[in-house]
Amino acid sequence: MRRLIVLVVCLAMLLGLAATTGSAAAAKTKLVWQVHWSDFQVEGVYSGEGANRKLVSKGLRQYVEEYMKLHPDVEIEIQSVPMEEYLQKVLVARSSGVAPDLYGVYSLWGVQLTQNGILDTPPDAVVKDVRGNYTPVSVAGTTIGGKIWGIPMEVGNYCLVYNKELLKAKGFNAPPKTWSELVDMASKLTVRDKSGVITQYGFAFLAGWESAVVHPYLGLLWDLGGDFLSPDFRKCVVNSPEGVQALEAELQLFKTGGTDPAGSVWSFPQGKVAMMIMASWYEQSLKQGLGDKYDKVVGVAPVPYIKKPVNAGYTWFLAVDSASKNKKAAWDFLMWFSADVQKPKSTTRLGDLMVETIGGLPCREIDLANHPDTLNDLYTRTFVEQLKNSRPEPNVAQGAEVKTILANEIVEAWHGRKSAKQALDDAAIKINEILSEFY
Amino acid sequence: MSPGAISARRSLLKRTLTGYLFLSPALVFYLVFLVIPIGMSLYISFRDWNMLVPLANSRFVGLRNYIYLLTRDELFLIAVKNTIIYATGTVFAGMALALGVAMLLLKVRGATFWRFVMFAPVVTPSVAVARIWGGLYRPAEGLANAMLKMVHLPPQQWLADPDICLYSIMLIAVWSGIGATVIVFTAGLKGIPDVYYDAAKLDGAGPWAEFAHITVPMLKPTILFLSVTGLIGAWQAFDLIFMLAVGGTESGTSPVRSVIVLALYLYQMAFKNLRMGRACAGAFLLFLIVLAFSFIVLRVLRKGGVESYE
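As they're listed, the protein sequences go chains A and B.
Numbering follows the working numbering, with no gaps: position 419 of the first sequence is 419.
To convert, count from 1 in the second sequence and add 1000; that's the working numbering.
Hints should not be assumed to be uniformly reliable.
To be verified - A few chain A residues that face chain B, going by a derived Cβ cut-off under 7 angstroms, partial list only:
1. VAL191
2. SER195
3. ALA207
4. VAL411
These are computed hints drawn from the structure, not numbers from a lab.
No residue lacks a Cβ here, since even glycine has one placed at the ideal position from N, Cα and C.
Looking at chain A on its own, in the form it has when it is part of the complex:
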């Protein structure tokens, strides 16, 4: 009997404790943040093992914990999903009524998310802060229908990455500045075996997903003064003379033997690619692939141009779900994370995370200016400099579908299955059909 009483008392205490904890938890404002970052970007970078384990650079979790310490009434949960599944997860979560509160949105998805009422309208203070403190390319990327929909998080652009040793071996002391120099150098840097198979590519195109194919092409198109879509998004004008000339400029590399469709940029670390147009996020992979040879091998220059230097840019921005029950808390947290300037560096937490751990280009001007050690390095410096020549891809409805169509047609031309004109005419017809549904 005594044992039974003790058991009942213990159970009652446990229940009481659980109820207290439950009510305390219920009193907290909970925010769920869905991110597309990998483990080390979320958890931070550590060195050493066991007791010697030390945090080298903070991940998102450390910043979130800092905020929760400062605001004990707020609890933030991080949900990490792979980038390629990000949009699907948003859709599924929304359909099942358990949508996250905070998102990192690729600007191209933004149009559909805003048109369908998924994203919350940012408070005036956020809009004012974005307009006043961020790089023009990232502000443009976050603008949909003339309205800012979030806080720019990461900006990406493209540069020419070249193998200094391979160029030097062929007598080139500097990278190409113009597109015709690129075409000329690429054919001279290409090496074939006896059977005609390329063993060293003078130039390799980035490929494998839509942005990889389309972004460098858009850069050339804009360089020539052409455009992809009309300003009101009612018409695809990619098959203009400038558009055809831009694609023919790419095809020159195939015709003069500077590349072929089997060329892969991922062979660059093995010394099998002399030049490629690459994005800003490839630095860490190059460092890992090249090891000690990294400094000797890697050179970065602006993308060679035909008339004027332009390169395509893209933006990720932080946004809040319109169905969130804690929208104010979500925006407050995002402002603390992205706009609260820290001493002595005069940088933001988002900027620090982006530069020191994620390896991306920050969007806020002070973050670009006040991370000299990292952003002035061999690889990133040129990308930062070229932000002034970066133009954001258009935030158009069905952006992913439109881009896939253009990418598929460009690849058809690369393979010699269609002329540049035919490929772009076919792309324009299909894209116009999609645009007519939405504009």
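Given the structure of chain A, go ahead and fit chain B onto it with the hints provided.
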């Protein structure tokens, strides 16, 4: 009705209900995981739904999704063509090869070891298979071109040439699936009584006549089984093509039009283009294609095939 008849009826009803009660877990399972999803897909195929708004708010478009796919979407028709080539090619070429190997293995020593070797790719994850073959297919340093060089044939761009890319991937699919087919054929071959071959030999039949008039007819049930199950699987091909030719390939730029198959098309339509209505319509057209091909196979192999199962 007499009391006896009423009692007998009650007893029958009770037994029927009891039967259904025992079946109910399976019925509920099929209802929840098969019938309802299929019904929902059919419903969605008549709507314009992007998954960003509740389904109830989506627009009813009638047969427009089906008409669009069949008359205006060039890529869908290319995907249908590629899928038919991929499915029939991998299944029938794979079966022909597997039958030859199975017959050979009945006559060699260490057959168990060779069957194990042949079965290994079946249990290898397709990601690993794609990585290995991606390396073998590299134009400059891959083994495939090295072998062509040895026999003085020109090198190929296995995954970057639009004319051969699909066939290169089909070769991998045949390689990775042959082990399972060999095992089934071996069982089928062992089930053919020797008396038929003995009688044929007495009648003066040669090896080809034995194969054509005894082996193949007697294997019809096995061929039917492998054809139907193989085709159903092959229509849904996705992983190898996605990894080798679409999703960030390491072997250059594969021409999407030359390799796109229906499952890949449906994935892109649903989750990249956010056109779930069109994707569901495409899925139902795929279902009709699978059904039609299954009927054709059943019809062709009916004699000695379906009847053998009855």
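Of the numbered hints stated previously, which ones are contradicted by the structure, given in increasing order?
Result: hint 1 breaks, nothing else.
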